[in-house]
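Please put together the full structure from these sequences, using the hints given.
These protein sequences, in sequence, are chains X and D. According to UniProt numbering, the first sequence is numbered sequentially starting from 1. According to UniProt numbering, the second sequence is numbered sequentially starting from 1.
It should be emphasised that the hints constitute simulated quantities derived from the structure, not laboratory data. Any given hint could be a false lead.
Stated by the list, open to error - Short, incomplete list of chain D residues facing chain X, as computed with Cβ under 8 angstroms:
(1) LEU159
(2) VAL188
(3) ALA194
Glycine residues also receive a C-beta, built at the ideal position from the N, C-alpha and C atoms.
Number of protein chains: 2
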Amino acid sequence: MTTRVEIFTDINCPFCYLGKARFEAALAEFEHRDEVEVVHRSFELDPALPADQTGPVIPRIAAKYGIGVDQAAANERAIAAQAAQLGLPYRSSGRDYGNSFDMHRLLHFALEKGRQDALLDALYAGNFAEPEPVFGDRERLVAIAVRAGLDENQVRAVLADPNAYAADVRRDERDAAQLGATGVPYFVFDNKYAVSGAQPTEVFTQALTTAWNDRTAPLITVDGDNAPACGPDGCPS
Amino acid sequence: MTTRVEIFTDINCPFCYLGKARFEAALAEFEHRDEVEVVHRSFELDPALPADQTGPVIPRIAAKYGIGVDQAAANERAIAAQAAQLGLPYRSSGRDYGNSFDMHRLLHFALEKGRQDALLDALYAGNFAEPEPVFGDRERLVAIAVRAGLDENQVRAVLADPNAYAADVRRDERDAAQLGATGVPYFVFDNKYAVSGAQPTEVFTQALTTAWNDRTAPLITVDGDNAPACGPDGCPS
Numbered sequence: 001m002t003t004r005v006e007i008f009t010d011i012n013c014p015f016c017y018l019g020k021a022r023f024e025a026a027l028a029e030f031e032h033r034d035e036v037e038v039v040h041r042s043f044e045l046d047p048a049l050p051a052d053q054t055g056p057v058i059p060r061i062a063a064k065y066g067i068g069v070d071q072a073a074a075n076e077r078a079i080a081a082q083a084a085q086l087g088l089p090y091r092s093s094g095r096d097y098g099n100s101f102d103m104h105r106l107l108h109f110a111l112e113k114g115r116q117d118a119l120l121d122a123l124y125a126g127n128f129a130e131p132e133p134v135f136g137d138r139e140r141l142v143a144i145a146v147r148a149g150l151d152e153n154q155v156r157a158v159l160a161d162p163n164a165y166a167a168d169v170r171r172d173e174r175d176a177a178q179l180g181a182t183g184v185p186y187f188v189f190d191n192k193y194a195v196s197g198a199q200p201t202e203v204f205t206q207a208l209t210t211a212w213n214d215r216t217a218p219l220i221t222v223d224g225d226n227a228p229a230c231g232p233d234g235c236p237s
Numbered sequence: 001m002t003t004r005v006e007i008f009t010d011i012n013c014p015f016c017y018l019g020k021a022r023f024e025a026a027l028a029e030f031e032h033r034d035e036v037e038v039v040h041r042s043f044e045l046d047p048a049l050p051a052d053q054t055g056p057v058i059p060r061i062a063a064k065y066g067i068g069v070d071q072a073a074a075n076e077r078a079i080a081a082q083a084a085q086l087g088l089p090y091r092s093s094g095r096d097y098g099n100s101f102d103m104h105r106l107l108h109f110a111l112e113k114g115r116q117d118a119l120l121d122a123l124y125a126g127n128f129a130e131p132e133p134v135f136g137d138r139e140r141l142v143a144i145a146v147r148a149g150l151d152e153n154q155v156r157a158v159l160a161d162p163n164a165y166a167a168d169v170r171r172d173e174r175d176a177a178q179l180g181a182t183g184v185p186y187f188v189f190d191n192k193y194a195v196s197g198a199q200p201t202e203v204f205t206q207a208l209t210t211a212w213n214d215r216t217a218p219l220i221t222v223d224g225d226n227a228p229a230c231g232p233d234g235c236p237s
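In structure tokens:
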């Protein structure tokens, strides 16, 4: 029986980028990795941000949290150093902030197309490792989605319709609140175990192992009546 | 948080066809239906059947289970009557039997493309409601898959490669055994509750309600250390 991991994430979240790599390092070494299913779910760090408001992240962070620009820049460099330890490219200055709602809508579309993980990697790379901004530029977003294997015309149709997959994003965000996620990344294993934050790889190994061992608990049968079914001995009706 | 329903099924199984309709009737009335995720999983009733062995099901059933052809035909008519009560088309004679492995491989391919449910409906309709046999005729299978919204060339590529998605089918069958499924349809709710057989709709309503109410149990946190995460108040590193 598969183990299911749901990862709540935002494109604006550098620790989501790092946490994904740490989780994947654990998964790559996990004996039952072929029976682990991963799905990415939406969490906006700043859902109230107007879609047309975008710009360099360092002065934004400094203003929002009342720290100096130097301190904000140092934080970015510290994250870049952590990324480097994981072999992840990270530009230590120059990334933008912006509203990620359209990206989350696209991630739900990509889930239907079997390209969600590829799109999330492409969005992270676009935001954290490449010089062109990913916010406020629809053509750039289309190019990233196409790079992740999605059909250009379908991507444009999703982006052009603000209602497309919007309910899926909102549902994820309600679920996140219900599951106790106050920040991201937030990992949920088989609706039972949670890992909060970009924990060390061994914590993900522990969570995978715990969830895996737990999945063999016997099922509870709902209703005991015999109902018609087919088995190796036929279909008694 | 979504509730996840896994339905083990075989194309050769008339009660899977009926059970799907009963489950869907319950789901359509379920208050939280938009937060229920359904996935179909593979179960072959006769995995040892050679792929080139196919033919009318009634004499096959009669021979296999040592009943008269008249009794086997009467069983089919009884199933057709149950199908009619659900508004499902069902030809009361003339369907074929055959090896369903290629169909299960295609259902896994369709899952990746977001068309699994549509393909299963099309396969059931092809086998139980339409006069042309679905076994032993690759062109017919391609036509059914295309009708379900899949790309013809990709479908042909999957069918031409006997290894494509074969491991997924085998994994489902191992999981079915582990979950205690000895026949189909077999419904598993959130890896915790099971419904066996084409139960009445109200049993599915009960299972959905039980699983839904259960999903709000608090998560167990794996590791208590604070790890870097981003929240509404920023990304302390």
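Flag every earlier hint the structure violates by its number, smallest first. Per hint list: single violation, 1.
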